[in-house]
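Number of protein chains: 2
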Amino acid sequence: MTDPQTQLETLRGQIDELDQQLVDLLAKRAAVTTQVGNIKSQTGMPTYVPEREAQLIASRRAQAQQQGVPPDLVEDLLRRIMRESYLTQNVQYRCATLPGTKVAVIGGRGALGKLIVSLFERSHYDVIVIDQTEWPQAKALLAGVKLCIVAVPIKQTIDIINTLDYLDDDCVLADVTSIKQAPLDAMLAVHKGPVVGLHPMFGPDAPGMVKQVVIICHGRQNEQYQWFLEQMITWGAQLTVSNASEHDADMAYIQVMRHFTSFVYGAHLHAEDPDLSSLIAHSSPIYRLELAMVGRLFAQDPNLYADIIFNNTENLALLKRFRTRFDEAIHLFETNDKAQFIEQFTQISKWFGDYAKTCLVDSKQLLLKADDDRMLRKK
Amino acid sequence: MTDPQTQLETLRGQIDELDQQLVDLLAKRAAVTTQVGNIKSQTGMPTYVPEREAQLIASRRAQAQQQGVPPDLVEDLLRRIMRESYLTQNVQYRCATLPGTKVAVIGGRGALGKLIVSLFERSHYDVIVIDQTEWPQAKALLAGVKLCIVAVPIKQTIDIINTLDYLDDDCVLADVTSIKQAPLDAMLAVHKGPVVGLHPMFGPDAPGMVKQVVIICHGRQNEQYQWFLEQMITWGAQLTVSNASEHDADMAYIQVMRHFTSFVYGAHLHAEDPDLSSLIAHSSPIYRLELAMVGRLFAQDPNLYADIIFNNTENLALLKRFRTRFDEAIHLFETNDKAQFIEQFTQISKWFGDYAKTCLVDSKQLLLKADDDRMLRKK
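Chains as they are written, first to last, in the numbering used here: chain A, 1 to 379; chain B, 1 to 379.
One copy or any two copies: either way a pair holds, since identical chains are not told apart in the list.
Result set (BS3-like, lysine-lysine): computed pairs, CA atoms no more than 30 Å apart in a straight line: (1) K364 - K28; (2) K338 - K320; (3) K155 - K364; (4) K102 - K114; (5) K338 - K155; (6) K320 - K350; (7) K364 - K114; (8) K139 - K155.
Because the hints were derived from the structure by calculation, they are not lab data.
Assemble the whole structure, with the sequences as input and the hints as a guide.
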């Protein structure tokens, strides 16, 4: 009988061999998916096919079940592998209209602008980038352009749009700002031709448009920009049509309230000045995640957030009512009214409904994933 | 030349075959890691060996690099596989002291209590569960017990501890409450023997103690409970020693501020009553994550949060100062003082230092992972 340490070494050798085979497998799989990507881009088939993905996962889950491997493990691994393969399918795309069609991206050297430019270039368009350097020549550059996308910072969007009174009548005018009513109104006023507002629901750090949601607010002459929508679908985007004013009302809750809350939270921490590293060391992963959601704000551009918050006077009324609720909650605490706290808590739970439970489950799953990477752990 | 659809079918067949081999590989690997788990538990070797894990990952990353496979992909997959294998190493553990030693868990049928009971049972202790049914017989049951762990809800902890004046002098008394000073004082006052306070930094839904951080606040006669600390290390825990009062001061920032903020945020949404499903549809993944962090609170027990927030009058002063900062931020908005907002933002950024950037990077990584699972997407 060999000693446990020797046994362990032998078993570890076996694990290393199996893991080596895993890497071999991945290399072979990547070679095949690259071929798939090439066929898709040549024929214009969509990169992301939800049905195929669902079927692939279901078959492997069934096999896993039979072989006593946890199906969730297999699904997690396959999804991670597929995410990578969408990235390496980073090849050419079929052009949804006439190849060589002229497309201009104003702000095409910004983070989101660059991504848009790259996608059009890889789809055989003639792409014109207009940024600060080209701005004086914009009028000449935009002649003959069939699609002009405004992708500049939110506070410049309206001013830039207002200058575009010289586009060809058949040019599609579009923007990608996170608010929709004001840019859409400005585009409709300045331009006679087709108009559409877009809100890509992803940050500029997203690897592409695969699986990403893009909100579409129709402006005018929908049929004229059908090819542009099809092009985004070819890139893998999921399009959702919405109404500009409803969209913006929601944005007040989503963006303004969140950023304002995080700002005040950060201001409070800064003023109280606790030892941040001790705070992190004493936090469980869920608190570390919450702290990270505040911290991440302050790694970004203050001007952007000032613009989002100060942009709209309706936001002020909303935030003042928020303050009132803050005061009410403090009052519960001052009067030690636990019963009323629990009553309100229960009402809010009812309002959230099943979503609260979904959040709890999702965030737990997410923490397990963070844990794999030792993210959000003590630094 | 076959048509693209047929080519695609052939390639998809190849992918399915490779994925089948992947599941086979996982089954073989699980068989080996189960043997590893058995050897470790029989000999008392720790379940989690950071050096072995680091070496395993480094070798596969190097191989991946050579074969043109993204090393990050390989690392992500291996970490996910290892997480699972720690779970299936869910076998017996070596007992760090005399097998059959009597251990009692008060509140052993609660979520965290159950986990502790299971770990001790799988380590060959004689485990006594004391919950409501057994409470009247507690004194008799606790005779001869060498370790008594109080794992009841926070608001009952002190009352329960105060009754334990009859434990044997050599019994180790411990608690697992998320605050430390008050329980530690109570334990030291009621019991003459060894005392230690623990704060396990994970929720009761954690799959075990592997890789989890446990904060240790020493009470009295450390050498008497050394075996208990070793037992937790055998379970895979990472122990961190801290000071009870510092720990609790940090908790006020961590728990109370977060929960209070989320409560007010939920109360505000409830009172404003926007269409929640539309809000979710119009949110990008990062906002959905932020909303989920609020929503998850309301899927939980209001009594627990009432206890955490109302427990401590020092918290009231902290929250009142928080309100003042809220008012100050509203004032910036009312007076349209963008410059001052940006100035404060910059100061707070400096205070957060590099941590803000880490948060930004970590949260982006986390969102990519959430994306694999289509978590936090439109429901």
